[in-house]
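Turn these sequences into a full structure, and let the hints guide you.
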Amino acid sequence: MQPSLGQRLIAYTIFFILGVLVLVPLAAGVITAFKPRIIWVSSPPTWIFSPTLENFEFVLIQRNNLLHLRNSLIIASGSVTIALILGVPAAYALARFRFRGSKGLLQWLISLRMIPPIVVALPFYILFQTFDLRNTHIGMMMAYLTFLIPLVIWMMRGYFAEIPSAMEECAMVEGYSRLGALRKVVLPVVLPGIIATALLNFMFAWNEYFLALILGGRDTSTLPAAAATYVGRAQVEWGNLFAINLIIMTPVIILTLILRRQLVKGLSLGAVD
Amino acid sequence: MKVVLQDLVKKYPASDSIAVNHVDLTIADSELIVFLGPSGCGKTTTMRMIAGLETPDGGKIFIGERDVTYVAPKDRRVAMVFQNFSMYPSMTVYENIAFPLQALKRSKAEIDQLVREAAELVGVSALLKRGVRQVSGGEAQRVSLARAMVRRPEVFLMDEPLSSLDAKLRVQMRTEIKRLHQETRSTMVFVTHDQEEAMTLGDRIVVMSQGKVQQVGTPHEVFFDPYNLFVATFVGTPGMNLFDGVIQQSGDTLCVDLQGYMQPIPERFRATLNAKTPTPVKWGIRPEGIRFVDATDPNSLAGQIEIIESLGSRQLVFVRSGDKLFSVIVDSLHPVRQGENCHLHFDETRIHLFEAQNGRSLTQRG
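Residue numbers (my numbering), protein chains in the order written: chain A, 2 to 274; chain B, 194 to 559.
Simulated from the structure, these hints should not be mistaken for laboratory data.
Ideal placement from N, C-alpha and C gives every residue a C-beta, glycine not left out.
Careful: at least some of the hints might be erroneous.
[Stated by the list, open to error] DSS-like, lysine-lysine: derived pairs with alpha carbons at most 25 Å apart: (1) B:195 <-> B:361; (2) B:361 <-> B:371; (3) B:195 <-> B:301; (4) A:185 <-> A:104; (5) B:267 <-> B:253; (6) B:195 <-> B:253; (7) B:405 <-> B:204; (8) B:301 <-> A:185; (9) B:298 <-> B:322; (10) B:267 <-> A:185; (11) B:405 <-> B:195; (12) A:266 <-> B:267; (13) A:185 <-> B:322; (14) B:301 <-> B:253; (15) B:298 <-> B:204; (16) B:204 <-> A:104; (17) B:405 <-> B:253; (18) A:185 <-> B:298.
[Unchecked claim] Some residues of chain B that are not near chain A, with every Cβ distance over 10 Å (derived): (19) 223; (20) 267; (21) 276; (22) 484; (23) 550.
Following this line, the structure appears as structure tokens:
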């Protein structure tokens, strides 16, 4: 049914308001990131100025954020990779086989997602201290896996469950082992789902702030943890803060744009087409 | 290739209820055998055990002389067509049919030839380059048939392959499967809950209920000589007329007292029954075994026509006689009118008697 003019008008108005709500602060931030220090918080705001990269230069080089960028990349991509390697087969098993405790296991996994990071922060801190994991990349990855693996399992289990088990059974009768059947016929079908899962997980690990602050250290501090240092008790370094925010946002935006088609396919996988 | 099931048992996982209960069956070489039964009767589970997708909890499976009970599905040289799955969505029609051959590591040229032959046989040659979204449901099911055939399997297993197709296509594909069987002469096992499908396809039918084989026989045997009440009621539409009765001596003749109507028992039952009188039984006759006769016929039962349903070339007539409602099938040209009085005659050779207690047929078998 074609929506009427009135309905469309309402829809566009809502979209416009939502767009303004999201984009105005973002735009203000992006503009500020390119402002020279002297007019960061000028009142009234300065709209016309010659853009400068001095904020970026300051945060990246003088404040050593290239190291934090590197940490963020290592920890986010490392933890997502491990989460997929462990989580995808687990999700397949939970989707296909019913075994003693399989249902309870799933519920326990979802409950892990409900834990606020602050609850695990202290036990983690003590554990990490004991095992010398604080301020290590591997330690940070392990901490994130607590949250990533359940997310991978829950998303991927849904994708696997959508596929009729007859598909790999058919391949198994036709001369393939279960693993061969998985690789040849199931994997191509769930690939968009894996990509969507990977992206969502990457965003979690990339943006995570709290655990990074507690468990990271000088050598492993990630960008979000570093960004927080620009908010001081006495003053906020607005230009530097927005510069680093832009640096944090850009890889995720680029990834999303590259994977947009796969992402939409993945998020709507199993929906009626 | 011959298939032998020996005392096959399968329990449902995580419970003690039994899905397949001590099934013994020998499927002859190049036979088309149909497993027929209501859902949950164990027919699909039995087939999945032949395919190797389920491991039996007891018993043995032989394909030819080979004990395959614990052989992996990929090494059984069987092919299976599934109910709810036809084509690998990530592959074209051609790649689908070639898929089983790739597992065998055949050369490209050989694969190409075999794929084209198989596609030709099921009539999908024009579709080889298409993807899953560009073929209809019937075409996709043909592709899965081609994919099953291309490996020259020793046994074909078909798990309700036609149930997702519309009625017209189903009838058409049924004929094609029959033709394929005649051309390839391979052993086929076909699972269905559709008795019409079973009747038209099967060389023999295995009627199953509650994990047990109820009867194995040709379509003719299963229809005309059911071993028990389950088979009698499950096979045939509309179902057999069945009434409670008690066997009694009435003068010289042995009769069934159908509460208000004494029906003489045909000669062929008498040997089994003499000793046991009076016994409660179920008396049955198929709607096709009843005729309308004149009132002058001495062995007729008077009744009144309640409902008439047209079945096309034939008509289904419901006749009320006392507290009993008989369904009768007669030719559509036979003049009947609702509310009319009529007389029914039961064809003696079509009468069935079953023990009331266990449902077993009282017909003597050699």
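Do the hints match the structure? See the list:
Between residue 195 of chain B and residue 361 of chain B the CA atoms are separated by roughly 33 Å; this puts the pair beyond 25 Å, and the hint is violated. Distance check on the hinted pair: residue 361 of chain B and residue 371 of chain B sit about 16 Å apart at the alpha-carbon level, within 25 Å; holds. A C-alpha spacing of about 32 Å is found between residue 195 of chain B and residue 301 of chain B, which places the hinted pair above 25 Å, so the restraint is violated. At most 25 Å may separate the alpha-carbon atoms for a hinted pair to count; residue 185 of chain A and residue 104 of chain A exceed this at roughly 28 Å.
Restraint check: the Cα-Cα separation between residue 267 of chain B and residue 253 of chain B comes to about 18 Å, which is no more than 25 Å; the hinted pair holds. Distance restraint check for residue 195 of chain B and residue 253 of chain B: the Cα-Cα separation of roughly 14 Å lies within the 25 Å cut-off, and the hinted pair is therefore satisfied. For the hint pairing residue 405 of chain B with residue 204 of chain B, the CA-to-CA distance comes to about 13 Å; that is within 25 Å, so the pair holds. A threshold of 25 Å between alpha carbons decides the hint, and for residue 301 of chain B with residue 185 of chain A the separation of about 18 Å falls inside it, so the pair holds.
Proposed proximity of residue 298 of chain B and residue 322 of chain B is supported: the alpha carbons are some 22 Å apart, at most 25 Å. Distance check on the hinted pair: residue 267 of chain B and residue 185 of chain A sit about 14 Å apart at the alpha-carbon level, within 25 Å; holds. Under the criterion of a C-alpha separation no larger than 25 Å, the hint pairing residue 405 of chain B with residue 195 of chain B is consistent with the structure, at around 21 Å. For the suggested pair residue 266 of chain A and residue 267 of chain B, the alpha carbons sit about 32 Å apart, so the restraint of at most 25 Å is broken.
Proximity of residue 185 of chain A to residue 322 of chain B is assessed by CA-CA distance (about 19 Å); at most 25 Å being required, the pair is judged to hold. In summary, the hint linking residue 301 of chain B to residue 253 of chain B is not supported, as the alpha carbons are separated by about 38 Å, beyond the 25 Å threshold. The straight-line distance between the Cα atoms of residue 298 of chain B and residue 204 of chain B is roughly 37 Å, outside the 25 Å bound, and the hint therefore fails. Taking the CA atoms of residue 204 of chain B and residue 104 of chain A, the gap is near 21 Å; set against the 25 Å cutoff, the hint holds.
Annotation: proposed proximity of residue 405 of chain B to residue 253 of chain B holds, straight-line Cα distance about 16 Å (limit 25 Å). Taking the CA atoms of residue 185 of chain A and residue 298 of chain B, the gap is near 15 Å; set against the 25 Å cutoff, the hint holds. At the 10 Å boundary, the C-beta of residue 223 of chain B stays outside the reach of chain A, the nearest C-beta of that chain being 20 Å off. For residue 267 of chain B, the shortest C-beta to C-beta distance to chain A comes to about 5 Å, within the 10 Å cut-off, and the non-interface label is violated.
Not every CB of chain A lies more than 10 Å from the CB of residue 276 of chain B, the least distance being 7 Å, so the non-interface label is violated. Against the 10 Å criterion, residue 484 of chain B stays outside the reach of chain A, whose nearest CB is about 48 Å from its own CB. Every CB of chain A is more than 10 Å from the CB of residue 550 of chain B (nearest about 39 Å), matching its label as outside the interface.
Consistency note: the structure conflicts with the earlier hints numbered 1, 3, 4, 12, 14, 15, 20 and 21.
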